[in-house]
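Protein chains in written order, with this note's numbering: chain B, 2 to 288; chain G, 124 to 466.
None of these hints come from the bench; they were simulated from the model. These numbers were taken from a predicted model, which means no experiment stands behind them. Check the hints yourself; a few may be wrong.
[Stated by the list, open to error] Taking lysine to any residue and the SDA-like style, the derived pairs with C-alpha atoms no more than 25 Å apart in a straight line are:
| hint | chain 1 | residue 1 | chain 2 | residue 2 |
| --- | --- | --- | --- | --- |
| 1 | G | K215 | B | D174 |
| 2 | G | K294 | G | G423 |
| 3 | B | K116 | G | A392 |
| 4 | B | K116 | G | P140 |
| 5 | G | K280 | G | T363 |
| 6 | G | K280 | B | V263 |
| 7 | G | K411 | G | G423 |
| 8 | G | K280 | B | K116 |
| 9 | G | K280 | B | T56 |
| 10 | G | K215 | G | A192 |
| 11 | G | K215 | B | T125 |
| 12 | G | K215 | B | L272 |
| 13 | G | K294 | G | L254 |
| 14 | G | K215 | B | K116 |
| 15 | G | K280 | B | L173 |
| 16 | G | K215 | B | A192 |
Residues per chain, in single letters:
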Amino acid sequence: MKLLRWLVITLGFLFAALPLVWMGMSSLKHQADTINPHPKFVPSLSAVAEPESHTFEVTGEAYAGLAVLHAGAQASFWEHLWNSVIIGVLSTLASVLLGTCCAYGFSRFRIAGAKDWLFFILSTRFMPPLAVVVPVLMMYRKLDLQGTHLGLVLLYTVFNLSLAVWLMKGFLDEIPRAFEEAALVDGYSRASAFLRVVLPEARTGMAVTAVFCLISAWNEYGFAMTLNSSGAVTVPAYFAGLQGNIEGMPWPQVAAGALVFVVPIVLFTILVRDHLLRGVTFGTIKQ
Amino acid sequence: MSAPALVLRGTAKRFGPTPALGGVDLEVGAREFLVVLGPTGAGKTTLLRTIAGLETPDSGAIELFGRDAAALAPAERDVALVFQNFSLYPGKSVRANLEFPLRAPGRRLPEGEIAERVAWAAKLLHIERLLERSARALSGGEMQRVAIGRAIVRRPKLFLMDEPLTNLDAKLREELRVELRELARELQTPVVWVTHDQAEALTMGDRIAVLVAGKVLQSGTPEEVYRRPVSPLVARQLGTPPMNAIPARREGGDWVALDGTHLLAAHGAAQNATIGVRPEHVELSGGKSEATVEVVEDLGPARVLVLRWAGTEVHALAPRGESARPGDRVRPRIAAVHAVVWT
Numbered sequence: 002m003k004l005l006r007w008l009v010i011t012l013g014f015l016f017a018a019l020p021l022v023w024m025g026m027s028s029l030k031h032q033a034d035t036i037n038p039h040p041k042f043v044p045s046l047s048a049v050a051e052p053e054s055h056t057f058e059v060t061g062e063a064y065a066g067l068a069v070l071h072a073g074a075q076a077s078f079w080e081h082l083w084n085s086v087i088i089g090v091l092s093t094l095a096s097v098l099l100g101t102c103c104a105y106g107f108s109r110f111r112i113a114g115a116k117d118w119l120f121f122i123l124s125t126r127f128m129p130p131l132a133v134v135v136p137v138l139m140m141y142r143k144l145d146l147q148g149t150h151l152g153l154v155l156l157y158t159v160f161n162l163s164l165a166v167w168l169m170k171g172f173l174d175e176i177p178r179a180f181e182e183a184a185l186v187d188g189y190s191r192a193s194a195f196l197r198v199v200l201p202e203a204r205t206g207m208a209v210t211a212v213f214c215l216i217s218a219w220n221e222y223g224f225a226m227t228l229n230s231s232g233a234v235t236v237p238a239y240f241a242g243l244q245g246n247i248e249g250m251p252w253p254q255v256a257a258g259a260l261v262f263v264v265p266i267v268l269f270t271i272l273v274r275d276h277l278l279r280g281v282t283f284g285t286i287k288q
Numbered sequence: 124m125s126a127p128a129l130v131l132r133g134t135a136k137r138f139g140p141t142p143a144l145g146g147v148d149l150e151v152g153a154r155e156f157l158v159v160l161g162p163t164g165a166g167k168t169t170l171l172r173t174i175a176g177l178e179t180p181d182s183g184a185i186e187l188f189g190r191d192a193a194a195l196a197p198a199e200r201d202v203a204l205v206f207q208n209f210s211l212y213p214g215k216s217v218r219a220n221l222e223f224p225l226r227a228p229g230r231r232l233p234e235g236e237i238a239e240r241v242a243w244a245a246k247l248l249h250i251e252r253l254l255e256r257s258a259r260a261l262s263g264g265e266m267q268r269v270a271i272g273r274a275i276v277r278r279p280k281l282f283l284m285d286e287p288l289t290n291l292d293a294k295l296r297e298e299l300r301v302e303l304r305e306l307a308r309e310l311q312t313p314v315v316w317v318t319h320d321q322a323e324a325l326t327m328g329d330r331i332a333v334l335v336a337g338k339v340l341q342s343g344t345p346e347e348v349y350r351r352p353v354s355p356l357v358a359r360q361l362g363t364p365p366m367n368a369i370p371a372r373r374e375g376g377d378w379v380a381l382d383g384t385h386l387l388a389a390h391g392a393a394q395n396a397t398i399g400v401r402p403e404h405v406e407l408s409g410g411k412s413e414a415t416v417e418v419v420e421d422l423g424p425a426r427v428l429v430l431r432w433a434g435t436e437v438h439a440l441a442p443r444g445e446s447a448r449p450g451d452r453v454r455p456r457i458a459a460v461h462a463v464v465w466t
């Protein structure tokens, strides 16, 4: 039984880790080694003579090359990463804040047709977002939001909002009403009770929601590609745009960039790890 | 005489189709300890929440210290509410919990005064040694002390207590009952204390208001409510064993039970009534008819006899020395001065 468990876990781990390992190796190769028909997976510190071996020479040049401006691109990787950071962080903040406030209303007050409203909010996730790419494109053209940070921030916020509202409503429902009511009687206004009592208690939920929103905004590709191919280009769109590059696809730089691109998400997830664990088991343990 | 602390007139509140309060009239004097006694679901908690401003009544007037309070937000009413279930913020220390009401925006107390007041409340409630502990690490009794501390640090004008002792064990409950009664006297602040525990009502209240199904059925001193309950329903809320209620009809100048057993002499013109008599006022000899002892219960200082008499079950309280046993025959007599006639 135990053996079987380990086997399954090991297989699962390998399955998940292999692409990352391959990406890591590619980021350390010369470009020629990445497109060699003989797969190269044995690192070596010295130059490799015969092209048909599976050995490749380790080099850090791809990481240095992240600052290079490639043909057909408008800026280096770092600038695109900065675009991703601005858009990801701002839209996550907006989704979590708006979602929390909205969920608080649904959680605490009697709202006419609350169930229908909530269903409507959920229903905005029913269709794949890309289904509306054409109307969004037309609106953005009219509003001059194409190729701007604001455009994608707004869009990602709107798409993540329904998730944020539903997640946060679940978390807020678990916070006893008496927490705020005690504060209200003690002399706090509704707003200050929300800020001083509810928000600190809702930290876990907000952290969980932020992780989901950030990942979805960070990785979004379709809209980034369509709306922002010429300005405020995020990393996923930047990589895609490198295809058909006259110099050939710079695979080592793409692999190196992708690894760097993963780091902030990993760091953020580690940062809120305790909250995530609590969030996943939320409601299963009574205090 | 100063203005009453609280006046409710015709206060009504319904949740959907179910009325929680059906027109409550209530008055609490400037230094009065009022116990609202009622069974579960009587609307006690709704009553307190309405006074605190957490619920908006559908109709009726509410006055606090002579001022119309209907439009005041909870924060503006200067009352303190101790909840039955919620007591403290779990993530904060005891000190932070006690400071919380003092740090409300708009109160703007200097740090020195905050520390002073926390120390004062901690001393009154004997929780000084708990101040730096996390609220999570407290026992039930300690938690409730701190919760009451939270209420008193602010020195509010009125305390509202929602069954604060219900979740504690019996011994602690008795201890805190005495202590809190003393505390209320010391602070000279009016209290509305809600409970379903008649012992709390009888021992703590200057006055008792009996609340059943959203209505105040009677209010008066514990003595009045105990001796002269206005209806069998009120009588049932107070006293163990409960007051006997014997259906009766008029026969000449007497009340007789439905089976013809003579109960007591009648006055007035009513033809049908229910006779209320406390178990301690059922004497076991000198009566005109016989009864069978069905059960004898030992309460310690006294014994409860369940009699089959007057076509019903009648409880009688007898001194410990009473030797009657189940199956024995006795001749019960009602002490007429203590009986209540509900017509």
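The hints, checked one at a time:
{"no.": "1", "hint": "K215/G to D174/B", "in the structure": "holds (21 Å)"}
{"no.": "2", "hint": "K294/G to G423/G", "in the structure": "holds (17 Å)"}
{"no.": "3", "hint": "K116/B to A392/G", "in the structure": "violated (60 Å)"}
{"no.": "4", "hint": "K116/B to P140/G", "in the structure": "holds (20 Å)"}
{"no.": "5", "hint": "K280/G to T363/G", "in the structure": "violated (35 Å)"}
{"no.": "6", "hint": "K280/G to V263/B", "in the structure": "violated (59 Å)"}
{"no.": "7", "hint": "K411/G to G423/G", "in the structure": "violated (30 Å)"}
{"no.": "8", "hint": "K280/G to K116/B", "in the structure": "violated (41 Å)"}
{"no.": "9", "hint": "K280/G to T56/B", "in the structure": "violated (84 Å)"}
{"no.": "10", "hint": "K215/G to A192/G", "in the structure": "violated (32 Å)"}
{"no.": "11", "hint": "K215/G to T125/B", "in the structure": "violated (39 Å)"}
{"no.": "12", "hint": "K215/G to L272/B", "in the structure": "holds (22 Å)"}
{"no.": "13", "hint": "K294/G to L254/G", "in the structure": "holds (24 Å)"}
{"no.": "14", "hint": "K215/G to K116/B", "in the structure": "violated (35 Å)"}
{"no.": "15", "hint": "K280/G to L173/B", "in the structure": "violated (32 Å)"}
{"no.": "16", "hint": "K215/G to A192/B", "in the structure": "holds (20 Å)"}
The earlier numbered hints that this structure contradicts are 3, 5, 6, 7, 8, 9, 10, 11, 14, 15.
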